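J.: Let chain A serve as the given structure and place chain B on it in line with the hints.
Residue numbers (the working numbering), protein chains in the order written: chain A, 1 to 328; chain B, 1001 to 1256.
Hints listed in this document are in silico derivations from the structure and should not be mistaken for laboratory results. A portion of the hints provided could be inaccurate.
[As the list claims (entries may be wrong)] Which residues of chain A face chain B? A few of them, derived with a C-beta cut under 8 Å, are:
#	residue
1	60
2	82
3	85
4	86
5	88
6	94
7	96
8	98
9	101
10	109
11	112
12	113
13	114
14	141
[Claimed, not checked] 20 Å max Cα-Cα, derived DMTMM-like pairs, lysine to aspartate or glutamate:
#	chain 1	residue 1	chain 2	residue 2
15	B	1009	A	120
16	A	17	A	66
17	A	287	A	260
18	B	1087	A	99
19	A	248	A	265
20	A	287	A	241
21	A	255	A	265
22	A	245	A	265
23	A	245	A	264
24	B	1009	A	119
25	A	188	A	208
26	B	1009	A	105
Since the structure is predicted, the reported quantities are computational estimates derived from the model, not experimental observations. Think of the CB as a built atom: it goes at the ideal place given N, C-alpha and C, for glycine as much as any other residue.
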Amino acid sequence: MATKHSRISASVAIQAKGLRKSYGEQQVLKGVDFTLEQGSILALLGPNGAGKTTTIRILSTLLKPDEGSASVNGFDVVKKSAQVRASIGLTGQFAAVDDYMTGRENILMIGQLYHLPAEDLPERTRDLLEQFDLVDAADRPARTYSGGMKRRLDLAMSLVASPAILFLDEPTTGLDPRSRLALWHMIKELARGGTTILLTTQYMEEAEYLADNVIVIDHGQVIAEGTVSELKAQAGAERVEVTLKRAKDLHVVRKLAGAEASSDEETLMVTAPARKGAESLYELLGKLNTAKIPLESAALRRPTLDDVFLALTGHATEEEAAKEAKHA
Amino acid sequence: MHNLTWAFKDSVVLARRSILHILRSFDQVMSLIMFPIMFMLLNRYVLGGAIDTGKVSYANYLFAGILVQTLAFGANYTTINLAVDMKEGIIDRFRSLPMHNAAVVVGHIISDLFRNIISGLIIVLVGFVIGFRPNASAGEWLLVALLAILFTLAISWLSAILGLLVKSLEAAQWMGFIIIFPLTFISSAFVPTNTMPSVLRVFAENQPLTHVIDTMRAWLVGTSLDNSGWLSFVWCIAIIIVSVPVTAWLFRRRSN
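The shape of chain A in the complex, shown without the other chains:
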């Protein structure tokens, strides 16, 4: 019994129990619980202001919870903060690099502050510069770097001490698609090497690409937990979506699309559940082709974060709501 118990606790990298935090009147976290296994990637998914960053700040010892407890790598984040700090790396929402220092100097400095043996540092730094594709820029001040390069340097700095657990707070926010993809590959590579990763994101596709498990968080509470496909299943199946060229076709197309189809007269869009995935789209397009109905566009739409939110909470994400309010 005892052996079994200790084996279970040894495989847990992060455990959060009933985390609560308020700023004045505003309750940012209202009891957050979750567990993260060693070597896996967990994404905290949620809109702005959901409490993602606050959770990361508590787990990385930057902030004390009002209530509840958390352990990281087996150490309590409040009582054993020094041990926690020695086992984590943190890449915050804003690139935390020193603009006046070169990439190499930045990495070296962080290594020194992690109290790594001085004789290992030059080699470790060289390896990281190589791993994150910064060799050519290594001896230029970081203020000359692009956004993507700064992010990569930031990540390299978090990894100097080869931490068992890595926190990434919105790692790709503000990056162009190419840099984002490059960073995704690098994060995946780290997880393959055994690093446990907790990341926050607003993007469904990011969670889908990177995470083994997802926790959806809204208004300071966990509202759903599972793999991305489980969450999508909750949000309903994929949908076919066609946009028409002529308003007069709307009625006919809606009939052709089946009993569950819905249409919008303003956008000339008809949507219907795609029970058979791409096959459903193919079928509908066949029918429309036979009926000689011109189309503006046709697509198979996967459920987005907003659909998941809508299904889970009955309301859209705050941003989506704000967008709609603007249109109204």
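T.: Here is chain B on its own, set in the frame of chain A:
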């Protein structure tokens, strides 16, 4: 390794960072070199002729005043650099590391010391060029250097408090000027205090900058010392004793 040893090593790492900022920032290099030269020349040649400093030549009188003013302005960079650090993501990175948190402040203070030593040497050189002729012994020069270092530490710790209180870089810059300009002008830095209106005069003659300036001036060119000698040391040490715990408290408060 011992906790204090790490605290010291971490501080040295961050002092190196802060010193690199000085050397690699055009603004900081220019202010480091130009500021003392400009003030020295303006005071000596624009105001100097109209100021009566008695038996002491104005160049001899002015030297200690400009030195202390430059040291005080140098410390304003602790306010600015700390305010910038606290605002940017890098402070979260430092705080998430297993390093000694005090090093963030101590690093800037050590680099202030570095900056002020260079400024001080520039002032001595320019001083000789414009007619400063001290009659100090080697021992007296050593005492001046010691007091300059102690004064830098005192005012840097005070500046650290400001740096943790202000919310923006602009405020940090203004705070320095709003506090340091009046303090250096309402003192014995550029003119003898005996022509000031009585309220100003009482303030000028009893504030720490005057004590430090009068002490250095006495050692360098042989003006009278009075109580300023020991008062200047008492002031500096008292400021350090008070501001170190206040800084530590503010840093913890800002962090949470």
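J.: Does each hint fit the structure? Answer for all of them.
T.: Now for the hints, and whether the structure bears them out:
1. 60: Holds - the Cβ of residue 60 of chain A comes within 8 Å of chain B, reaching about 5 Å at its closest.
2. 82: 6 Å, holds
3. 85: 4 Å, holds
4. 86: 4 Å, holds
5. 88: 7 Å, holds
6. 94: Given a least distance of 4 Å, the restraint on residue 94 of chain A holds.
7. 96: 4 Å, holds
8. 98: Result: holds, 6 Å to nearest chain B Cβ.
9. 101: Nearest chain B Cβ about 6 Å off; hint holds.
10. 109: Holds, because the Cβ-Cβ distance from residue 109 of chain A to chain B comes to roughly 6 Å (cut-off 8 Å).
11. 112: 5 Å, holds
12. 113: 4 Å, holds
13. 114: At 6 Å from the nearest chain B Cβ, residue 114 of chain A passes the 8 Å test, so the hint holds.
14. 141: Hint holds; residue 141 of chain A Cβ to chain B Cβ min 7 Å, cut 8 Å.
15. B:1009 <-> A:120: Holds, at roughly 17 Å.
16. A:17 <-> A:66: 12 Å, holds
17. A:287 <-> A:260: 16 Å, holds
18. B:1087 <-> A:99: Within the cut-off at roughly 14 Å; holds.
19. A:248 <-> A:265: The given pair, whose Cα atoms are some 10 Å apart, holds under the 20 Å limit.
20. A:287 <-> A:241: 14 Å, holds
21. A:255 <-> A:265: With Cα atoms ~14 Å apart, residue 255 of chain A and residue 265 of chain A stay inside 20 Å; holds.
22. A:245 <-> A:265: Holds, because 12 Å separates the two Cα atoms, which is no more than 20 Å.
23. A:245 <-> A:264: The given pair, whose Cα atoms are some 13 Å apart, holds under the 20 Å limit.
24. B:1009 <-> A:119: Cα-Cα ~16 Å, so holds.
25. A:188 <-> A:208: With a Cα-Cα distance of about 12 Å, the restraint between residue 188 of chain A and residue 208 of chain A holds, given a limit of 20 Å.
26. B:1009 <-> A:105: 16 Å, holds
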